[in-house]
Amino acid sequence: MHLEDLLPSAEPVRFVAADGTETAAPAGHRRPADDRLVEAYRRMVLGRRFDTQATALTRQGRLAVYPSSRGQEACQIAAVLALRDDDWLFPTYRDSVALIARGLDPAEVLTLLRGDWHCGYDPAATRVAPQCTPLATQTIHAVGLAEAMRRKGEDGVVLALIGDGGTSEGDFHEALNFAAVRRAPVVFFIQNNGYAISVPLARQSAAPALAYKGIGYGISSEQVDGNDLLAVLSVLTTAVEHARSGRGPYLVEAHTYRMEAHTNADDATRYRDEDEVTRWAAADPLARLRTYLMNRGLIDDEAVRTAEAEAETFAEQVRTALNADVTADPRTLFDHVFAERTAQLREQRAQLVAELDAGEA
Amino acid sequence: MHLEDLLPSAEPVRFVAADGTETAAPAGHRRPADDRLVEAYRRMVLGRRFDTQATALTRQGRLAVYPSSRGQEACQIAAVLALRDDDWLFPTYRDSVALIARGLDPAEVLTLLRGDWHCGYDPAATRVAPQCTPLATQTIHAVGLAEAMRRKGEDGVVLALIGDGGTSEGDFHEALNFAAVRRAPVVFFIQNNGYAISVPLARQSAAPALAYKGIGYGISSEQVDGNDLLAVLSVLTTAVEHARSGRGPYLVEAHTYRMEAHTNADDATRYRDEDEVTRWAAADPLARLRTYLMNRGLIDDEAVRTAEAEAETFAEQVRTALNADVTADPRTLFDHVFAERTAQLREQRAQLVAELDAGEA
Amino acid sequence: MTEMTMAQALNAALCDAMGDDESVLVFGEDVGPLGGVFRITDGLTRKFGEERCFDTPLAESGIVGFAVGLAMGGMRPVVEMQFDAFAYPAFEQIASHVAKMRNRTRSALTMPMVIRVPFAGGIGGVEHHCDSSEAYYAHTPGLKVVTPATVEDAYWLLRDAIADPDPVVFMEPKRLYWSKDRVDLTTRSAAPMGEAAVRRSGTDVTLAAYGPTVPLALQAAEAAAAEGISLEVVDLRTLVPFDDETLMRSVRRTGRCVVVQEAQGFAGVAAEIAARVQERCFHSLAAPVLRVTGYDIPYPPPKMEHPHLPTVDRILDAVDRLQFDDEPDLRHTGTAA
Amino acid sequence: MTEMTMAQALNAALCDAMGDDESVLVFGEDVGPLGGVFRITDGLTRKFGEERCFDTPLAESGIVGFAVGLAMGGMRPVVEMQFDAFAYPAFEQIASHVAKMRNRTRSALTMPMVIRVPFAGGIGGVEHHCDSSEAYYAHTPGLKVVTPATVEDAYWLLRDAIADPDPVVFMEPKRLYWSKDRVDLTTRSAAPMGEAAVRRSGTDVTLAAYGPTVPLALQAAEAAAAEGISLEVVDLRTLVPFDDETLMRSVRRTGRCVVVQEAQGFAGVAAEIAARVQERCFHSLAAPVLRVTGYDIPYPPPKMEHPHLPTVDRILDAVDRLQFDDEPDLRHTGTAA
Ligand SMILES: Cc1ncc(C[n+]2csc(CCOP(=O)(O)OP(=O)(O)O)c2C)c(N)n1
Ligand SMILES: Cc1ncc(C[n+]2csc(CCOP(=O)(O)OP(=O)(O)O)c2C)c(N)n1
Ligand SMILES: [Mg+2]
Ligand SMILES: [Mg+2]
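Residue numbers (my numbering), protein chains in the order written: chain A, 1 to 361; chain B, 1001 to 1361; chain C, 2001 to 2337; chain D, 3001 to 3337.
Hints listed in this document are in silico derivations from the structure and should not be mistaken for laboratory results. Some hints here could point you the wrong way.
Okay, the calculated beta carbon distance ranges per label pair [unchecked claim]: (1) D:3106 x A:316: 25 to 33 Å; (2) A:39 x D:3165: 48 to 56 Å; (3) A:329 x D:3165: 20 to 28 Å; (4) D:3228 x B:1059: 42 to 50 Å; (5) B:1346 x C:2188: 25 to 33 Å.
As the structure is a prediction and not an experimental result, all values here were calculated from the model. Heads up, the beta-carbon is just placed ideally off N, CA and C, and yes, glycines get one too.
Bound-form chain A, shown alone (with noise of 0.2 Å):
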């Protein structure tokens, strides 16, 4: 292994600057094929629709919270198109843009927003680990099951979701030396989005750059323009295709923008000023898309419309499909702690459901 492969690019990869002209193609990285390109558009209209309507009800109280990725759907878009369906997806909170491009059920994914029960859909049948709040506890799962599944003889790759913040956590620390010394088939990603809550980049690391952190343990590495389509998929390609070839694990880190605030609940104007949002709008990843793909009559106004129409009726399903109220019922809540209720439970238990019955809870 070479130092020079370990190390990122000295600039972060792009293919297509913010206004939408392609730029001079990046040495030694491949563009990803036209209709990829067209199908990544697609998903990524979609995505921000169902990303405005969820903050949108938010706003409802259809949703207890909901952190937003706007902004961020180059990453969330390509981190999915870079996937096999047998492949795994570790998420966090933030990502549920990625498991609905992954075609997961909108009500399923926002189903512990609703303050339901938690996670929704089923891991197991989607290959999506539950999306994570501790942060970059994920990341170590992520090799575990990577490791799980080449002991059963599957050629699947995980990819590790992970933010800026997250990577101040020593649990992401050990999961790039599990990964590198037992040369685990995991991609992990940084969404550097800028900020953690409040807190800004420049607090949170002194690295030139995050993928720096890749050489440390002998990992790949490599940075992108977040915000580039193109960019982000063509080098998450490369990365899942050096893990699944045994080649071990790769690093990757965007940079991106945290369009809205941290959550609805959050108030992003005490730590950040206007100015920066505006300067950030316009390298727009699904506008800068767009653009490119016009240019190159791969898409037209038809198109366009489209996929807009297409994101209209997904967003009125997801509204109608959590205008039903959350039914929770409270027996529920012993059912699986273990896989049978112990003594206790079951004395618990009893104690609910009288009270249930004496219509006291």
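Got chain A; can you put chains B, C and D with the ligands on it based on the hints?
The following block gives chains B, C and D with the ligands in isolation, referenced to the frame of chain A:
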């Protein structure tokens, strides 16, 4: 900050070859002054003798356990010589020789290992933190202490010792990151002695060298031949100056070898073969420095005899100091849990005292 | 007398402590410009500058370990753990260093630090945001554990904790952050940290509660009074060190005791209290010491937290089971088991 | 019948479990070629190869988190924490994932894993090597907690723990590693995990003990017999789930109970047991349930661990305080306080 400053030299810095002959001076590194080298030799002889004496004392049951640093004396002594008296040292359980070199009372240094009350010496007075067992936890303490010094207007530096195995712990990652973000005057010194108890470095890390971890935090880093006193002292001196001058933390990895088993209780034959040990014996840091100083006429047989005689007298003192049996008064168990004993501790102490008076306990 | 919330009282305590003592430093995640997700540190960076109140990298073990080093260097760190479950990464630093440093250095190094932990539920938080973790700390020798239940206590207990020469895990009941009271913080009437307080006197049964369950116990007492049963409510305030005197004096008078805790019951603080009470007041007890606690399950999702949490009804049910008719209650003597 | 130590029985259990089930993986620090610092995994790498028993990087949170991922993928990880206090870095992984994964996925993902923790003292270990941490796990919903006291139980309880569909924290009493017994592991007579066992029947007092204190309780019973007092010794074996039935049946017969635990007393498992016993057997109790535990101090250095640890004398003193003369014992009713 240029990337080059953050990456270590491709090869470990070395001034003196294993056979004691001087090598081509490594670019950009200053050879320590002759008098410092002679002083270093004196302390290495003393340290080596102390170490063998301590190991011997475990056989006589005078010490519960002793983790030897035989073979690592160049690191142990250089770490101390690179510091001023008002700088702080954060040692691990393996660094007793460094504490001796810093002038601490051997009986106090060995207090904990004698099974007596904890830590022995006064950390505040000696500016040596208690020898730390929970791996890597001391590295983040070092960052906090460095910041406290800065706040008090002191220009002190903190040198934190850690082993190769300890670098795998999350706390090491968090410590490096805190130090870098807060530009704390801390030197992280990894004694890579090839093993974490029975686990060889290859199972601990896949990094080209542990020193490559620095760049991932924006920390200047270097790697050295850990059995070459000149190299270790030269690089650590540079690192300490770097930190003291406000340029932030520094990471140094020394490639060395643990000649003894992990502790007297460990059986190294279970995980490493004699040839390996023999090969490293040829790279002995003490013999290397002696030959080098002899070649340069900086010491002669007379000086060697004096140093060894001095070491013998010291060993003698250690033996007598440890001959006295440890007398521990159980009543003191309640004295340092809190500044003042709580009602519960007063009650519990009273019960113990009653037992002692009744001659029960 | 000014009206303020518990959150504002905590903020005032931090502000006054920082004003009085230069060595008091406040840091953690989002405690700077944002003022903390619960706004407990609101305005501190503006008032005292980045040097005194600042955001750290996102790493709890690092935050506490950094505080350990600062304390070794003579500072008084006050760190915020953003939510109860997010203090777990710091458990080794807390249990092996914060709690033991004084002891292992024979007081040559001390740990005058405060670890603030917003804890427990009742606020509709999603998973990992509503754990009750006080027992982990209370069981760890070398840590003091404090939890306020009133606005006034929030101010004074935090001041005491910061002034204390030893490490204090300061458990803040999230659901009481927005509770209001009219208080005068210029003169102190609150008892010192380490003492429990009788919040309501009664004659029939002693309710022992702390933090989030104190207001609940008071409501129960009110309801019971209507039924002619007189409940005494003891707010423990400090779990470590424990104030046996106040609680035992009460139980010895009432002869009956119910402990109310929000945390899952098994091996929790309520178990310790029940064990102590029967050890020390056995011959005054007319009935077993009963516990009203959360179930032994992971904290439930927002829509289901109500059935998990102690309620006035459960407290009154427990009181009813205290055999005022001197007939043994078979429901809990386990004959059924 | 062959004579073996508890360490050998644990090794045999791991060996047989690995032989029976390919998905059982053993890993941790120094468990490979070295066979673990206590040699519990001795020979497993030789017998089953590096793929089945291997050394990991030195990071406990990583070890447990890696096991979580393996369990998500259908494996049965059995991880070793080298010493009790060195499991603390893994606390977040244990409390927030191992304990909750089944629940937060409605059993779509399960955690059939075993976390082996050599715990408690009595072996002259230096600081951080002798913590009693069982209460931290017992208080965490979603974890089962088991601790063997006999050579036979060491084998069967570990087999049960590995076979269990849920995560088990398996607490191994260090000081019993070298205890010997003649056992026949080909046929099972040991009760299943989840049940307590009466190790010695008696009529006057029930001694409840687990792990390291069980042999001590038996010695105390022997000594008491000489004085004409008949002690029944209940070995709890499993702390979670707790076997109320066996213990309460005993206490209801004897009317008296002493709980013996090595861990610091405050909010420990003994507190839970005392609380449960008086809740469920109040009307059968002739005296308070007393506890004999370690002091509420950091575990002492080797030369001073003896005065800290429960002793036969302390157990007998507690038994003496159980008011056989029906006179209230003022020493513990707190009137002195
Ligand atoms: C261990 C832990 N500590 C603290 C938190 C509280 N918290 C939730 S999100 C967040 C910021 C995370 O920032 P980043 O990793 O950059 O991800 P982003 O939210 O920007 O996508 C924090 C501090 C947590 N969830 N887990
Ligand atoms: C957190 C923690 N886990 C495990 C241990 C047990 N342990 C003590 S020393 C050691 C090996 C450390 O190796 P290394 O860091 O290379 O230092 P060395 O002993 O080689 O000097 C281990 C695993 C510990 N002390 N702390
Ligand atoms: Mg972020
Ligand atoms: Mg080593």
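**Structure versus earlier hints, numbers of those that do not hold, lowest first** = 2
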